[in-house]
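**Student:** Listed in order, the protein sequences are those of chains A and B. One point on numbering: in the working numbering, the residue at position 57 of the first sequence is 57, and numbering is uninterrupted. One point on numbering: in the working numbering, the residue at position 108 of the second sequence is 108, and numbering is uninterrupted.
In short, the hints are calculated from the structure, not lab data. In this text, all values refer to a predicted model and were calculated from it rather than measured experimentally. Hints may be right or wrong, so weigh each one.
To be verified - Examples of chain B residues toward chain A, derived with CB under 7 Å:
1) 28
2) 44
3) 46
4) 49
We put the beta carbon where it would ideally sit given N, CA and C, even for glycine.
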Amino acid sequence: MVHYTHARLDASFAALSDVTRRGVLEQLGRADASVTDLADKFHMTLTGMKKHVGVLEQAGLVVTEKIGRVRTCKLGLRGLAEVTEWIERYHQLWDARFDELDKVVEELKRKEKIDGRKKRR
Amino acid sequence: MGAKRDGEPVNKRTTVERKSERELVTKRTFNGPARIVFEAWTKPELFKRWWAPRSMGMSLRSCEMDVRVGGKYRLEFEGHAMAFFGTYLEVTPPSRLVWTNEESGESGPVTTVTFEEKGGKTLLVLSELYPSKEALDAAGTGAADAMSEMFEQLDELLVTLGAR
Numbered sequence: 001m002v003h004y005t006h007a008r009l010d011a012s013f014a015a016l017s018d019v020t021r022r023g024v025l026e027q028l029g030r031a032d033a034s035v036t037d038l039a040d041k042f043h044m045t046l047t048g049m050k051k052h053v054g055v056l057e058q059a060g061l062v063v064t065e066k067i068g069r070v071r072t073c074k075l076g077l078r079g080l081a082e083v084t085e086w087i088e089r090y091h092q093l094w095d096a097r098f099d100e101l102d103k104v105v106e107e108l109k110r111k112e113k114i115d116g117r118k119k120r121r
Numbered sequence: 001m002g003a004k005r006d007g008e009p010v011n012k013r014t015t016v017e018r019k020s021e022r023e024l025v026t027k028r029t030f031n032g033p034a035r036i037v038f039e040a041w042t043k044p045e046l047f048k049r050w051w052a053p054r055s056m057g058m059s060l061r062s063c064e065m066d067v068r069v070g071g072k073y074r075l076e077f078e079g080h081a082m083a084f085f086g087t088y089l090e091v092t093p094p095s096r097l098v099w100t101n102e103e104s105g106e107s108g109p110v111t112t113v114t115f116e117e118k119g120g121k122t123l124l125v126l127s128e129l130y131p132s133k134e135a136l137d138a139a140g141t142g143a144a145d146a147m148s149e150m151f152e153q154l155d156e157l158l159v160t161l162g163a164r
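So that you can see chain A by itself, here it is in the shape it has in the complex (with noise of 0.2 Å):
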């Protein structure tokens, strides 16, 4: 339903190619986690944490914030809610509608017009 740039949906495939970071997003999913957490929970050395959270963050999956010494990590897929795109789809949506139905409205007429013919006779 939603159109995506071809690089974004490339990121967001190589992103979502591993089975830790789909885990990373599933629990993202359920609450914001440290990078810390997240290596902990994984049985991962915060390097290799760091790595994988920095391949969601390029898909913009995830986003971090680092507050004091701690990055905190969450869902980026809220970033999409933001206004504007949600209104950019909108707007695709019914164009896509009202291209169909232009083709509806056309045949219609069409019709009519056979018919209309067909009585006059």
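Starting from the structure of chain A, add chain B where the hints point.
**Tutor:** Quick look at chain B alone, frame taken from chain A:
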């Protein structure tokens, strides 16, 4: 050929405007009389053909419409457990349709569609009026949730591909 006979070509631009904190207004002009455009909105077999555009990867599994004041409608999309339903509040052929959107409870908008004919063309204005600003904003968040659902499907696909 037909375009010449019908006069000026129709501007096929769809516009969407957030008219107020709780109202979205969409407009488009169609190259046909209001009664025909109205018919395409009120006959299920016609409605089905355009409401779920294939270009958006959508398809309707079922479409029931009892187009009269107090009548109900119910639309079910293929591949989702999603159903959209509500009640027609006003039915004035061929110029006006009003219905409720009840699938998300009380936060759903009321949709008003007007069909204004001029020189054989029809200006269609669709307004979705939400009960509050928060409800409209939440609908935007709902779209983000749909996005997250898309990623889940992507995820499943990748798991399937990975398993091969």
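**Student:** If a hint holds in the structure, say so; if it does not, say that too.
**Tutor:** For each hint, the structure was consulted:
1. 28: Residue 28(B) check passes; min Cβ-Cβ to chain A is 5 Å, inside 7 Å.
2. 44: violated (12 Å)
3. 46: holds (6 Å)
4. 49: Check passed: Cβ of residue 49(B) comes within 6 Å of chain A, closer than 7 Å.
Consistency note: the structure conflicts with earlier hint 2 alone.
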